[in-house]
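Visitor: The chain contents come next:
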Amino acid sequence: MKNREVFEKVVIAWREFVESPTEESYASKLMKFKEVCMPFLKFITYVETTVLNLKEKFARAWTNKVLHLGCGTINIVESAHGVLKKYLRSRQDVG
Amino acid sequence: MQCERSGIYKPPKTRKKPNLESIGSRKCNCPFSLKDFFDKDTSDWWIAMLCGMHNHDLDEKLSGHLIAGRLSAEEKKKVIDMTKSLTVPQNILTNLKQNNKESVTTIKQVYNVRTRWRKRERGNMTKLQCLISKLVEHKYVYYTRCNNEETTFEDIFFAHPESIKLLNTFSTVLVMGSTYKTNNYRMPLFEIVGCTSTKMTYSVGFAFLHFELEDNFTWALTMMKGLLSSKDNMLKVIVTLRDGALMNVVGTVFPETYIILCFFSYWEECKG
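Which chain is which? The protein sequence lines are A and B, in order.
Reading the first sequence from the start, the letters are residues 1 to 95 in the numbering used here.
Reading the second sequence from the start, the letters are residues 1 to 272 in the numbering used here.
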């Protein structure tokens with residue numbers, strides 16, 4: 001159960017820093033995220049190297065500056081895929 | 001009249017040499033045979049037993065036997081009708097068994113009927129010719145591409161004329177992603193979805209890509225770019241997964257476009 005609690009804490013911290021509306025709050029929330037993840041040093045370095053260098057591309061603080069009509073995630077593609085697959089009878093029927 | 005296991009296995013006449021090691025056959029050269037003849041004078045049937053021995057054990061149940069499990073013409077039609085209405089084979093079989101309590105049909109018979117029907121629908125066209133003829137029939141805009149030696153078909157991109165109209169009207173935000181398990185050739189289906197100003201979504205185009213490499217994405221995106229009627233319609237925002245190849249390519253094909261990456265995908269990645 002303990003693992004689960006830690007995991008949920010990390011998720012909440014992640015969501016907070018990604019969805020923070022301004023750059024200042026982004027910075028403070030990011031600090032908080034790092035604090036939560038303190039026991040997992042490898043995870044922090046992984047996030048820093050792969051994710052944070054692209055922060056303008058996904059954190060709400062930056063993406064909200066452009067007109068994206070509410071499309072922050074690709075879930076509309078996922079739902080389109082779902083609809084498409086309902087029409088497909090089987091794998092053999094396509095292509 | 002012979003036993004269903006009489007004779008020996010005859011491989012199908014194909015160019016490819018069949019791999020006989022991995023398959024088994026029902027045929028085991030069983031000598032059992034009967035002969036029947038019709039007596040014209042008394043108009044009676046006579047049966048003579050030429051050999052009354054089977055060289056294999058007899059099954060207690062009928063299920064699995066070819067003749068016992070075959071489907072009647074009516075049942076075949078039913079299977080095809082149900083296939084057309086997207087019923088999965090196991091449910092078709094359940095339905096057949098409910099209507100005919102004594103039926104010993106197996107799932108294989110249902111599969112066979114479906115495969116034969118599909119083959120008949122295609123006629124003498126190959127699957128690819130069939131796909132392209134359907135695209136032409138419904139007035140799709142499509143582009144195809146072969147590999148460098150022009151031996152193998154690699155990618156196909158297609159879009160409906162209506163969705164091209166929509167694309168030129170609502171070209172602000174496009175979302176892209178691939179889906180898998182849609183075909184037998186393990187080709188991912190790359191789908192581009194647009195978002196209208198009323199928060200509705202529409203599909204711009206689909207592409208079957210041979211690989212998910214930068215080259216394939218560049219090609220598909222360039223084809224998509226060709227559908228835009230004027231430069232004023234240039235896309236403003238593209239949302240994608242954090243997929244290395246696609247992410248890099250969007251930047252080169254649409255240099256003025258802002259790319260948003262799906263942060264959920266990060267999360268998926270981090271969990272793993």
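One should not assume that every hint holds.
Keeping only pairs whose Cα atoms sit at most 25 angstroms apart, straight-line, the calculated SDA-like set for lysine to any residue is [what the hints assert, rightly or not]:
1) A:Lys86 <-> B:Lys225
2) A:Lys85 <-> B:Met53
3) B:Lys236 <-> A:Lys86
4) B:Lys10 <-> B:Leu58
5) A:Lys85 <-> B:Asn248
6) B:Lys16 <-> A:Glu78
7) B:Lys236 <-> A:Tyr87
8) A:Lys86 <-> B:Thr152
9) B:Lys78 <-> B:Arg120
10) B:Lys77 <-> B:Lys119
11) A:Lys86 <-> B:Asn248
12) A:Lys85 <-> B:Leu58
13) A:Lys86 <-> B:Ser230
14) A:Lys86 <-> B:Lys76
15) A:Lys85 <-> B:Thr179
16) B:Lys84 <-> B:Arg145
17) B:Lys84 <-> A:Val83
18) A:Lys86 <-> B:Glu162
19) B:Lys139 <-> B:Thr222
20) A:Lys86 <-> B:Leu58
21) A:Lys86 <-> B:Thr196
22) B:Lys236 <-> A:Lys85
23) A:Lys65 <-> B:Asn91
24) A:Lys85 <-> B:Lys10
25) B:Lys165 <-> B:Glu121
26) A:Lys57 <-> B:Lys139
27) B:Lys84 <-> A:Tyr87
28) B:Lys77 <-> B:Lys108
29) B:Lys181 <-> A:Glu35
30) B:Lys165 <-> A:Glu8
31) A:Lys85 <-> B:Ser230
Among chain B residues calculated to face chain A with C-beta under 10 angstroms, some are [to be verified]:
32) Leu93
33) Asn183
34) Glu214
None of these hints come from the bench; they were simulated from the model.
Virtual Cβ for every residue (Gly too), placed ideally from N, Cα, C.
Visitor: For every hint, state whether the structure bears it out.
Guide: Results for each hint:
1. A:Lys86 <-> B:Lys225: Violated: lysine 86 (chain A) and lysine 225 (chain B) sit about 29 angstroms apart, past 25 angstroms.
2. A:Lys85 <-> B:Met53: It is violated: about 53 angstroms lies between the C-alpha atoms, which goes past 25 angstroms.
3. B:Lys236 <-> A:Lys86: 31 angstroms, violated
4. B:Lys10 <-> B:Leu58: OK: lysine 10 (chain B) and leucine 58 (chain B) at ~23 angstroms, within 25 angstroms.
5. A:Lys85 <-> B:Asn248: 28 angstroms, violated
6. B:Lys16 <-> A:Glu78: Judged against 25 angstroms, a Cα distance of about 40 angstroms means the pair is violated.
7. B:Lys236 <-> A:Tyr87: 31 angstroms, violated
8. A:Lys86 <-> B:Thr152: Cα-Cα ~30 angstroms, so violated.
9. B:Lys78 <-> B:Arg120: 16 angstroms, holds
10. B:Lys77 <-> B:Lys119: 15 angstroms, holds
11. A:Lys86 <-> B:Asn248: 32 angstroms, violated
12. A:Lys85 <-> B:Leu58: 45 angstroms, violated
13. A:Lys86 <-> B:Ser230: 35 angstroms, violated
14. A:Lys86 <-> B:Lys76: The hint holds at about 24 angstroms.
15. A:Lys85 <-> B:Thr179: This hinted pair holds, its Cα atoms lying about 10 angstroms apart.
16. B:Lys84 <-> B:Arg145: Since the Cα atoms of lysine 84 (chain B) and arginine 145 (chain B) sit roughly 31 angstroms apart, the hinted pair is violated (cutoff 25 angstroms).
17. B:Lys84 <-> A:Val83: 17 angstroms, holds
18. A:Lys86 <-> B:Glu162: Measuring from Cα to Cα gives roughly 21 angstroms; hence the hint holds.
19. B:Lys139 <-> B:Thr222: Distance ~20 angstroms between lysine 139 (chain B) and threonine 222 (chain B) Cα, so the pair holds.
20. A:Lys86 <-> B:Leu58: Cα-Cα ~44 angstroms, so violated.
21. A:Lys86 <-> B:Thr196: 23 angstroms, holds
22. B:Lys236 <-> A:Lys85: 29 angstroms, violated
23. A:Lys65 <-> B:Asn91: With Cα atoms ~51 angstroms apart, lysine 65 (chain A) and asparagine 91 (chain B) exceed 25 angstroms; violated.
24. A:Lys85 <-> B:Lys10: Violated, at about 39 angstroms.
25. B:Lys165 <-> B:Glu121: 32 angstroms, violated
26. A:Lys57 <-> B:Lys139: Given pair lysine 57 (chain A), lysine 139 (chain B) is violated - Cα atoms ~37 angstroms apart, limit 25 angstroms.
27. B:Lys84 <-> A:Tyr87: Holds: lysine 84 (chain B) and tyrosine 87 (chain A) sit about 11 angstroms apart, inside 25 angstroms.
28. B:Lys77 <-> B:Lys108: 16 angstroms, holds
29. B:Lys181 <-> A:Glu35: Measuring from Cα to Cα gives roughly 41 angstroms; hence the hint is violated.
30. B:Lys165 <-> A:Glu8: The given pair, whose Cα atoms are some 45 angstroms apart, is violated under the 25 angstroms limit.
31. A:Lys85 <-> B:Ser230: Judged against 25 angstroms, a Cα distance of about 33 angstroms means the pair is violated.
32. Leu93: Not OK, violated: leucine 93 (chain B) not within 10 angstroms of chain A, min 15 angstroms.
33. Asn183: 4 angstroms, holds
34. Glu214: Hint on glutamate 214 (chain B): violated, closest Cβ of chain A at ~17 angstroms, above 10 angstroms.
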